[in-house]
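Trainee: Dock the two chains into a complex; use the hints.
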Amino acid sequence: MSDPKALVLIVEDEWQMLRFLRTALSAQDYRVLEASTLKDALVAATTHNPELILLDLGLPDGDGIDLTRQIRQWSHVPIIVISARGREGDKVAALDAGADDYLTKPFGVNELLARMRVAQRHAAMVGTDISSTVLEVRNVRIDQAKREVTVDGREVHLTPIEYRLLVLLAKNAGKVLLHRQILKEVWGPPYVNETHYLRVFMTQLRQKIESDPARPRLLVTEPGVGYRIKDG
Amino acid sequence: MASDRPNPDALLRRVQAEEERSSRAALKIFFGYAPGVGKTFTMLESALRLKAQGVDVVAGCVETHGRPETAALVAGLEVLPRREVAYRGTALSEFDLDPALARKPRVLLLDELAHTNAPGSRHKKRWQDVLELLEAGIEVHTTLNVQHVESLNDVVAQITYVRVRETVPDSILERADEIELVDLPPDELAQRLREGKVYLPDQARRAADHFFKRGNLLALRELTLRSAAQRIDVDLRAHRLEHDIKTTWPAAERILVCVGASPSSGKVLRGARRMAAGLRAEWVAAYVDAPDAHRATKADRDRLRAHLRLAESMGAEVVRLVGSRVSEEILGYAREHNITRIVIGKPTHARWKDLLKGSIVNQLVRDSDDIEINFISGDDAHRAGNPGSQKAKKRPNWTGIGVAVGLVAAATVGSVLARSVMAQADQVMVYLLIIMLVAYRYGRTPSLVAAGLSVATYDFFLVAPHYTFNIESGRHLLTFSVMFGVGIAISSLTSRLRGQERGARIREARTSALYSLSRELATAKDESAAAKAAAVHSAKAFGGDSAVLVGDAANNLSVKGASRSDLALSEEELAVARWVTEHGRPAGAGTDTLPGARLTCFPIRAEAMTFGALAVVTPSIELLDVEHREFLDAFLRQVALAIERVRFTEEAKVSALRIRTEETRSALLGAVSHDLRTPLGAITGAGTALREDRGKLDPEQRLELCDTICTEAERMERLVGNILDMVRLESGGIVPKREWVPLEDAVGSALSRLEVRLGTREVRVGLPPGLPLLSVDPVLIEQLFVNLFDNVIKHCGPDAPIDVAARVADRTLEIEVADRGPGLLAGTEHQVFDKFYRGPGSRAGGVGLGLSICRGILAAHDGTISAENRPGGGALFRIALPIPESPPAVPTGDPGSTGEEEDT
Numbered sequence: 002m003s004d005p006k007a008l009v010l011i012v013e014d015e016w017q018m019l020r021f022l023r024t025a026l027s028a029q030d031y032r033v034l035e036a037s038t039l040k041d042a043l044v045a046a047t048t049h050n051p052e053l054i055l056l057d058l059g060l061p062d063g064d065g066i067d068l069t070r071q072i073r074q075w076s077h078v079p080i081i082v083i084s085a086r087g088r089e090g091d092k093v094a095a096l097d098a099g100a101d102d103y104l105t106k107p108f109g110v111n112e113l114l115a116r117m118r119v120a121q122r123h124a125a126m127v128g129t130d131i132s133s134t135v136l137e138v139r140n141v142r143i144d145q146a147k148r149e150v151t152v153d154g155r156e157v158h159l160t161p162i163e164y165r166l167l168v169l170l171a172k173n174a175g176k177v178l179l180h181r182q183i184l185k186e187v188w189g190p191p192y193v194n195e196t197h198y199l200r201v202f203m204t205q206l207r208q209k210i211e212s213d214p215a216r217p218r219l220l221v222t223e224p225g226v227g228y229r230i231k232d233g
Numbered sequence: 015m016a017s018d019r020p021n022p023d024a025l026l027r028r029v030q031a032e033e034e035r036s037s038r039a040a041l042k043i044f045f046g047y048a049p050g051v052g053k054t055f056t057m058l059e060s061a062l063r064l065k066a067q068g069v070d071v072v073a074g075c076v077e078t079h080g081r082p083e084t085a086a087l088v089a090g091l092e093v094l095p096r097r098e099v100a101y102r103g104t105a106l107s108e109f110d111l112d113p114a115l116a117r118k119p120r121v122l123l124l125d126e127l128a129h130t131n132a133p134g135s136r137h138k139k140r141w142q143d144v145l146e147l148l149e150a151g152i153e154v155h156t157t158l159n160v161q162h163v164e165s166l167n168d169v170v171a172q173i174t175y176v177r178v179r180e181t182v183p184d185s186i187l188e189r190a191d192e193i194e195l196v197d198l199p200p201d202e203l204a205q206r207l208r209e210g211k212v213y214l215p216d217q218a219r220r221a222a223d224h225f226f227k228r229g230n231l232l233a234l235r236e237l238t239l240r241s242a243a244q245r246i247d248v249d250l251r252a253h254r255l256e257h258d259i260k261t262t263w264p265a266a267e268r269i270l271v272c273v274g275a276s277p278s279s280g281k282v283l284r285g286a287r288r289m290a291a292g293l294r295a296e297w298v299a300a301y302v303d304a305p306d307a308h309r310a311t312k313a314d315r316d317r318l319r320a321h322l323r324l325a326e327s328m329g330a331e332v333v334r335l336v337g338s339r340v341s342e343e344i345l346g347y348a349r350e351h352n353i354t355r356i357v358i359g360k361p362t363h364a365r366w367k368d369l370l371k372g373s374i375v376n377q378l379v380r381d382s383d384d385i386e387i388n389f390i391s392g393d394d395a396h397r398a399g400n401p402g403s404q405k406a407k408k409r410p411n412w413t414g415i416g417v418a419v420g421l422v423a424a425a426t427v428g429s430v431l432a433r434s435v436m437a438q439a440d441q442v443m444v445y446l447l448i449i450m451l452v453a454y455r456y457g458r459t460p461s462l463v464a465a466g467l468s469v470a471t472y473d474f475f476l477v478a479p480h481y482t483f484n485i486e487s488g489r490h491l492l493t494f495s496v497m498f499g500v501g502i503a504i505s506s507l508t509s510r511l512r513g514q515e516r517g518a519r520i521r522e523a524r525t526s527a528l529y530s531l532s533r534e535l536a537t538a539k540d541e542s543a544a545a546k547a548a549a550v551h552s553a554k555a556f557g558g559d560s561a562v563l564v565g566d567a568a569n570n571l572s573v574k575g576a577s578r579s580d581l582a583l584s585e586e587e588l589a590v591a592r593w594v595t596e597h598g599r600p601a602g603a604g605t606d607t608l609p610g611a612r613l614t615c616f617p618i619r620a621e622a623m624t625f626g627a628l629a630v631v632t633p634s635i636e637l638l639d640v641e642h643r644e645f646l647d648a649f650l651r652q653v654a655l656a657i658e659r660v661r662f663t664e665e666a667k668v669s670a671l672r673i674r675t676e677e678t679r680s681a682l683l684g685a686v687s688h689d690l691r692t693p694l695g696a697i698t699g700a701g702t703a704l705r706e707d708r709g710k711l712d713p714e715q716r717l718e719l720c721d722t723i724c725t726e727a728e729r730m731e732r733l734v735g736n737i738l739d740m741v742r743l744e745s746g747g748i749v750p751k752r753e754w755v756p757l758e759d760a761v762g763s764a765l766s767r768l769e770v771r772l773g774t775r776e777v778r779v780g781l782p783p784g785l786p787l788l789s790v791d792p793v794l795i796e797q798l799f800v801n802l803f804d805n806v807i808k809h810c811g812p813d814a815p816i817d818v819a820a821r822v823a824d825r826t827l828e829i830e831v832a833d834r835g836p837g838l839l840a841g842t843e844h845q846v847f848d849k850f851y852r853g854p855g856s857r858a859g860g861v862g863l864g865l866s867i868c869r870g871i872l873a874a875h876d877g878t879i880s881a882e883n884r885p886g887g888g889a890l891f892r893i894a895l896p897i898p899e900s901p902p903a904v905p906t907g908d909p910g911s912t913g914e915e916e917d918t
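Same order as they appear, the protein sequences are chains A and B. Quick note: the first sequence, position 79, residue 80 per this note's numbering, numbers continuous. Quick note: the second sequence, position 517, residue 531 per this note's numbering, numbers continuous.
One chain only, chain B, in its complex shape (with noise of 0.2 angstroms):
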């Protein structure tokens, strides 16, 4: 069946798990098969062994019972304060387990592993402490007795006939590290206890007397010597396998476990867990999601979804399987998953259901092949713990029913009245079509009824002899029994119709809804607008509201997007998310951690990545139950990946930024190193050929000299300005100040500054009259025009003229400049935007940063440039700003009208 040799994979895995357990904290269990054996007294007596080492231990919550040794042995460790818990009248004193983590001994004493937390406890159970700790790196040491081992439960409930409730996972006692045995003889024992040496609660003292009968010790002294056995044997094994990898090698088991709400379910899972803990198994705990299962009852409900947790809690993997034939389900599920044995609950339901329904256990039997099929007897359960369900105690739909009665005593009138001509073919034909109706619209009852009805008044009214349910011939015998199956498999097959047509109603909505969430999520920009859009959806699929809450770079978890913008998370809610985002596990309301919140949290995360929590309050489906839990991961996954994707972005544009100023900065030096030398060497020169005249220069060469000296200064001025102008824009820091202003404004001004430059080149300005005010910085739309001015002057004669134009286009102004000069060369419309770019033999000396800060100022006020080529020669630049919704009005704004204003 399965491969004797060494998997490579296996060999990894137990690497792994090495690594693991040499990192992690460890897990020490005293484990004793009764109250009074002596295990908290061994676990102190190696405590203060290890304290006499010098190993840092502490006491959290040791029971002394009033038992001076004990006390003395405590007496000699420090002990960590206990949380006083008022709860119903009575103090109770806790392990309060904030201060032991803030404290981190290295080695820390838990007593009683089974215990369950006072209400108002951050977890259920004390052994959800005891992971919380170890998962701090806290070693801790704790005791546990034979009965509280969930698996073991219901063995030691056969031999005590005392059911114990607190139990702890079997997978606590395979995480413990080490299990030291304390034992003691069942005689001193009991010596023991009659001496009163043994602390019991008052409540036990009843059951005590027979709990602690000789017997009893005796078995579970055994049972207890055993599973210590056996976990040696697992070491041992493991031990082998790693040493010598040519002993036989266990074939991989796995069992798959039959689930369903039957009562028994529960002892047949914990039955399994056993076996599959016999042969170092993998198990799976497999549920039949029947389409008709939605006719369950709410208690059957409840218990599957007990049997599913306790299943998970034991180890188990958990899966709903879909589908309306329940061993098909199974068997396909196996052999995907390469089961080797199939465990399921014996049948214990009257034999003719399976003559009538056809047997589940039959059909696993015969179609298994291979696979071992095993059966655990449910013996304190009436029902078979098989997959699928029970069927609810219905109300009988009375509409449906009267729906039948009528629609057939009609047919029967009709088919009486019409008796001379119709067929009886026709009129069984007519019941048929009643039946098939019902059972349609108003499912199975109702057509049943409907079917039987119509066999009695066809045979009754119609079969003659009339009015008399005796038949003449044996042939309509055949008739009766044909209508009659023909109306159960329609009902049945109807009624399995609607089942299945609600499953995929389900599966069809959920589906649509991760895909609605998936498309949102995929628009978001960043973490807010995907936190958002999760929320929104979660409380849509969910209902209730919802949060989500998401960590920064700090760790620091805040709400980043809420179902409704007023709800607010209490700083206990925030708290609960903390944990969740911290530990990656739900807590909250309905789960063991943190119970007693509004809220319930999920994790979101993304491979080992927790990037914050899900708060759901009040959602209208239990989203803990198994049945919701592919959804719910589905969910948490899609936002997990969209936060990583949005983190990824933002990281991507962050680093490419941090290029671009890298190129910028790099490409500056080079300009400044260059363009600043070129003038300040003019200027170098000039001065000291000045200075240094001993009144060899005539007076035109000084003069010469001087112009050199203010026309290179000037032209640095130009430079500096320009490299300021742009590391401004490109800091990212320039908001436009925006002022309402006349274009005709922004360029006399730039034309006037550059007066000097300009000389006497014709500038034509031909601005229509009443163009609309623009919404612009006044300061930049100038420095755009002096840049564009400027760029002329640089690159064309002395006297090619420039032309000025606007118009508007649908809620644009077009602004053109123009010149007649070289033009621009082919293909370069857009590089001259480029910072740094210059035109070839460029004979002025910029740095190429003009037109660049042009097209920065256009950005920073959503408009744009264009460069081209002019029909007949020369450069064009075409420039788009938008014009504003609603230009402010101007009084008085008529030119040439006088007097309309007083003159005060």
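Looking at chain A on its own, in the form it has when it is part of the complex (with noise of 0.2 angstroms):
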């Protein structure tokens, strides 16, 4: 599934780690291109022009939230943070910083796989007017033209709020979503800080898309972070 001969570049000082990855890409066929300084991976980035960054934020002569915001600045490279830094505030920071996905250490290989295909499909449709066509993740069907939705095949009704939230997340489908980003696009830029209102609809959204909407799957909170819709 993956794009055959995608260069990655891994900054990544953990001498360990970087086998780990760089076996790990190399047998799914993903081209491999280290560094293990803010330096290196700056240079590494401007000349080699990788299609995916996997970043470790602690790095010996800085953080890579600066290198993420530097990188954004001419670039729109897919960034994946791999940090052993757990808190809601360091993965809030980074994702802000324009990261595009974050994950804790440790993690699994397919884990990071899947969160890898996903940042690249997103990278391929920047661009692309997705206004117009038809949304499918999962079991859950969003035809924009028609502002129609179904789940398993049977229409639900939603409010134009709740329709919003879900074509947002499923847009970003496989991608964590902050709370004000969804606030922002949602509701607008005054209601950053009404995190209250999106947890509210986003209750009653799973109420309507969800199977077991006490035990969501699709719609999937990250906690003190943001929502996320689980692709595949």
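Don't read these hints as lab results, they were simulated from the structure. Hints are not guaranteed to be accurate.
Unchecked claim - No farther apart than 27 angstroms at their CA atoms in a straight line, the calculated lysine-lysine pairs in the DSS-like style are these:
(1) A:LYS106 - B:LYS751
(2) A:LYS176 - A:LYS209
(3) A:LYS6 - A:LYS40
Mentor: Structure follows, in structure tokens:
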């Protein structure tokens, strides 16, 4: 499924971790580029133009978040942060700075590959107009032209807010969206701090979309960070 | 009377005094009988000798009075700069205490011990400066003339007819470690005087001629030699006592001197002081607060106050006795405290007063038994220095007298009209009733008027022959005298009762003030609360404004509580409080130290520790008065005890926390070493087996080993996560970042996180619709459910269902998480929440932190968690979370409604 020979830049200073990533990605036909400092990473990113960056935050010469910001000034290359920092604040900071996803160490190789695929797919979609297309995530189908949502072929009625919420998450399927990002997109900039709006509507949306709303498997909460539609 | 045997207590006291003396700085006084005998000169000479020996000697303040030989001596010494003070247009040059304290020489020379400092100085008197210098460990050498000694003041005045105002308390002389007598024959002094070698200030010139008469000088010299000799005698005796305890032990004399408002009391006090010094006795100055004392004039009260302060400054213990019968109170106190002598001023008032009111002196002498009574004449006064007070020249109570006249007139008219039907005895009763009423309502004078008037009108109108003061029979005389006598008795009893009532009221007010203070202090949880309560109560009890200053660990004093929140203290005022805290003595307005301040500060101390100061601004009562002293002391003691208690509690809390942290740490170490090594062992084992595989393992075995590695790594991750969570909660830094969260979101999020581990397990979530939003930290609350579900996964079989239910009960959201597992062991319902508690036979490798983290999370949210066995088997965890008062509105929250919001 992954684009063969895609070039991945791994920014990691832990030698063992690097070895694991190198082995795992090579086995999946990725081409791997390595950097263990911020400086090297920046050089590699500008000269080789990788298609994906795996970025560790704690580097010997600085913080990966700064690198993210720098790269975002000129590139939309997907950046997946891989870090041992598991605090919500760290995740929000990294995602806010422009990272596409955040994986807390330790993680399994399957999880990593899945996230990489999602990030690549989103990168591929940047610039293409998907506002009139049909979005499909698992058993949910959103026909944007007709403004129609079906779950397992059965039509469900959504309020405009719920609909916008679902569309936003589906467009970013697999990707974590921060609370403030969602609130800004769906409710508008003045409401970025009203996280309870989002929580209440998300609960409602689950009632309509999820097969077992009490045990959501599609609309997943990332505690303290945001929400994500679990794709695949 | 007293035992001659050595008293171990006294010995101990000696030893202690000796130790104290050896550790404190020495005071040396160069003592002379008149100006010009060469005290300063001698002091300087001795200073130069010390300097030659290498001692660090500095001249603080030495008056050369323009004499070149003295100036020459001073030139050989380091001289401290003086402070220039402008006072009433003239520039005064004063000794500056602070630089001297900062310079801290070994020996400081300070001339003229009796000097009065310029206004604005820290202390009023130089001898107070000396005391502070000594306290700071600086040895002081100073000079003093005999006429400045407090207890000799009268005698000197009698000899020379010159009353010296600048006096030094005898306690300073006693404090002196060495007194060097500087003597010069009077003829030589007279010679020096003629040659102009004796400096005298201009205003003293006139007095000087008289003062320096040969007869005076001889008498003064004798007085000086004698008091120095007495001092030597004292030293000698002390020495004998120390070294040969078989010699006669002095009887422990205790002297009580009666003090009153009479001007002669001062003289009586000084006499008593001399007597006490001669006998080496402790002495007590007592005054009796009689119920009618409130009738004393302000002048009387001021005088009494001055006498009590004088007594204190001369080293007496001052006691206040309360009671109406002066002699009884004094004798009672004397017996209780083993007083051997009572000193009282000679009565000089007219004898008839004794007949009328009873003589205190007579009663004292009669009832004193084995206590000696000594009289000291108070010849410079009109009245005796007996206790009690002079009566105020009060304005007559005209209203009372008017009422008395009116009532007597009414009774008379009534009695005249009803003469035919009223017996004479009844008429007398009516008059007595009136006298009593007037006495009760208006006091003594009106009731006396009523009594006199009653007798007169009764005689005039009601006793035959009517309308004349003549009487028929002698038996009426008896009626009159009984009437008058009863009237006087009633009136004096009533007025005494009123006095006692007033006294009782004041005492009661103070007791209740102390009681309410102590009650509030008892509930004070920290220093600020205690300080605030103390300041508020102080303002209430003493009037004005109050602040309580408490020092911290680094001895930085700051206002911890004030009666008014806007009460600000200036830097100078803080300095007063600092001084008080450092020295443990009151200072500020009304005292002799820093009297220029707006406020008065009192030390708050318990035992040896001074915690801070109570600052009082413009109180409505004279706090420094002896009569308020007891109350103030009790007040300060209570505050000190409260602060001490709070500090102890805090210390105890800190050490308890330390112990708990220590326990946690060791338990954590134990858990970490065991529980982290187990999975590590499995991982290492499986890893090495895979590495060393030389094609012997079949694919299935290889897969199994890989599985082991993954599972054990996951388990380790959970352990580490739990330990980290616990450490975060334990460090006390967890302040929940509260947001509005629907319960469904929190439970759902936890369940999806555990998706893999839950597997096919059935989870029945029965949350009723319309539950209120919770104000919680979403991350922590998700963790709570993860831990609870994880607990079920660990302890129950793979198919045991989990039930989640919730309901609203009285501003609380009750959540139940239940399983159908083995349930809890009886009696462990509380233990399961303890750190590192693991159920017996728990097979799943956990550190025993999950539930304890749950409890920690709920505690941070003001919630609770409890565990019990579920009816029908399994465990049931009950969570209670408070429902916030005002949940926020969510626009268009109606599920299922469509089209209400514009799709923009």
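Trainee: Which numbered hints does this structure break?
Mentor: none
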